[in-house]
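Protein chains: 2
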Amino acid sequence: MKLIYQGKTKDVYQLEDGNYLLKFKDDMTGENGVFDPGANTVGLTVEGAGKAGLKLTKMFFEKLRDEGIPTHYIDCNIEEATMKVKPATLFGNGLEVICRFRAVGSFIRRYGMYAKEGQPLDSFVEVTLKDDARQDPPISEDALHMLGILTREEYKILKDLTIKISNIIKDELAKKGIELYDIKLEFGRIGEDKHIALIDEISGGNMRAYKDGKYIEPLELEKLLVN
Amino acid sequence: MKLIYQGKTKDVYQLEDGNYLLKFKDDMTGENGVFDPGANTVGLTVEGAGKAGLKLTKMFFEKLRDEGIPTHYIDCNIEEATMKVKPATLFGNGLEVICRFRAVGSFIRRYGMYAKEGQPLDSFVEVTLKDDARQDPPISEDALHMLGILTREEYKILKDLTIKISNIIKDELAKKGIELYDIKLEFGRIGEDKHIALIDEISGGNMRAYKDGKYIEPLELEKLLVN
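Heads up: the protein sequence lines correspond to chains A and B, in order.
Quick note: the first sequence, position 106, residue 105 per numbering that gives the first Met the number 0, numbers continuous.
Quick note: the second sequence, position 225, residue 224 per numbering that gives the first Met the number 0, numbers continuous.
Everything labelled a hint here was simulated from the structure, so no lab data went into it.
It is possible that part of the hints are untrue.
[As the list claims (entries may be wrong)] Heads up, simulated BS3-like pairs for lysine-lysine below, C-alpha to C-alpha not over 25 Å straight-line:
1) B:K158 / A:K158
2) B:K155 / A:K158
3) A:K155 / B:K155
4) B:K158 / A:K155
[Claimed, not checked] To be clear about the criterion: a stretch of chain A counts as covered by chain B if any three or more of its residues have a C-beta under 8 Å from a C-beta of chain B, and this derived list gives those stretches:
5) 106 to 119
6) 123 to 131
7) 142 to 152
The beta carbon of each residue, even a glycine, is placed where N, CA and C say it ideally should be.
For reference, chain A alone in the conformation it holds in the complex:
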């Protein structure tokens, strides 16, 4: 097993069977000790954060498997905070696909002239480039297509899958009286047919969730959802 990539919150190992092992770390994105799902830096380290993130990821990826949604998930080992996944190729150097149910965060920073903080949005999808140096810029379908990052057919699948997956997660949270405001997903191409599948993780670090109008921190969310 060979370490091939060290990420902000996960390390990636290549396995001898051709699959990969993701090791969830206790580092969380943010700044100066404050968690921020959109941040490009590690802001804090919390013991047990990796394991908690993996528990939630396992729950959601197994739920998606039951619903017939393609993902890279094979299985996981909670004790070791590792998840075994299929190999995937990224779109370009990676995209983040955001689905919004309420207007908060970067949406308001960009479109605050036309939207009120917290106003409902109907599964609104937008794509940003993973590019720390350029602050993850938003990118249109036309630009994605023109720059050869994905085809128009792939964009349509990506958008449809994003809406489907985000609504499944929203419904799961709603069962515990929690409201999903927005969520950030990553996709890749998997297998010989290069079908589009959800990759990376789905944990508190990928979403903004609220209960009774109050924001829930990722670790708190994981406690509320996994028991």
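Given chain A's structure and the hints, the job is docking chain B onto it.
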């Protein structure tokens, strides 16, 4: 005649016949005395800049009229640096529609991971909100539609008109050996049928033009094109 709006480079007067008069000023956008077509501040004042901008605008709007493209243009008075236009309503508080033939400026600042400075782009269209406080953020068709700024049908017309108009201007410049890299247009709804028409101006301040690989300043461009 009543002054109703003072812009960075133009003032707007309402006429008694229901039309409007645009007075072109000698102020140009930029910072610290350096012209920048994308800037949100007045950076310099050059005697004759208003008149030169109007001459080019007149030339292009009359060319577009000959080609059957809808615009707000009625006529103009070069001596007084004024242009008479039809009343138009904006999309939201105003959009800028950019057509790119080569990758420069904000395109490279956002998508430099995937594009090289100066690489050819095939009439690539993008839309930004006119919102100085939020640095004119780019916005997708989905967001424009969702926020009620324009309909999907209007977006299609806007995009098609932008490609058509930009290529007419590109061809005009090419006749003098000048290459158009990008151009910024504004549109509004005109008349009882609310048809989409080009508004504002088309001058050196709206575009980046190059000759023999060298950038041409707006006033120089106006000299080269209007004789």
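Status of the hints after comparison with the structure:
For the hint linking B:K158 to A:K158, the alpha-carbon distance of about 22 Å falls within 25 Å, and the restraint holds. For the proposed pair B:K155 and A:K158, the alpha carbon gap of about 20 Å is at most 25 Å, so the pair holds. Restraint check for A:K155 and B:K155: satisfied, since their Cα atoms lie roughly 18 Å apart, inside the 25 Å limit. Under the criterion of a C-alpha separation no larger than 25 Å, the hint pairing B:K158 with A:K155 is consistent with the structure, at around 20 Å.
Against chain B, the segment 106 to 119 of chain A contributes 7 residues with a C-beta closer than 8 Å to a partner C-beta. That satisfies the three-residue criterion, and the hint holds. Beta-carbon proximity to chain B at under 8 Å applies to 5 residues in the segment 123 to 131 of chain A; the threshold of 3 is reached and the given coverage holds. Residue count for the segment 142 to 152 of chain A with a Cβ under 8 Å from a Cβ of chain B: 5. That meets the three needed, and the coverage hint holds.
Comparing the model with each earlier hint shows no violations; every hint is respected.
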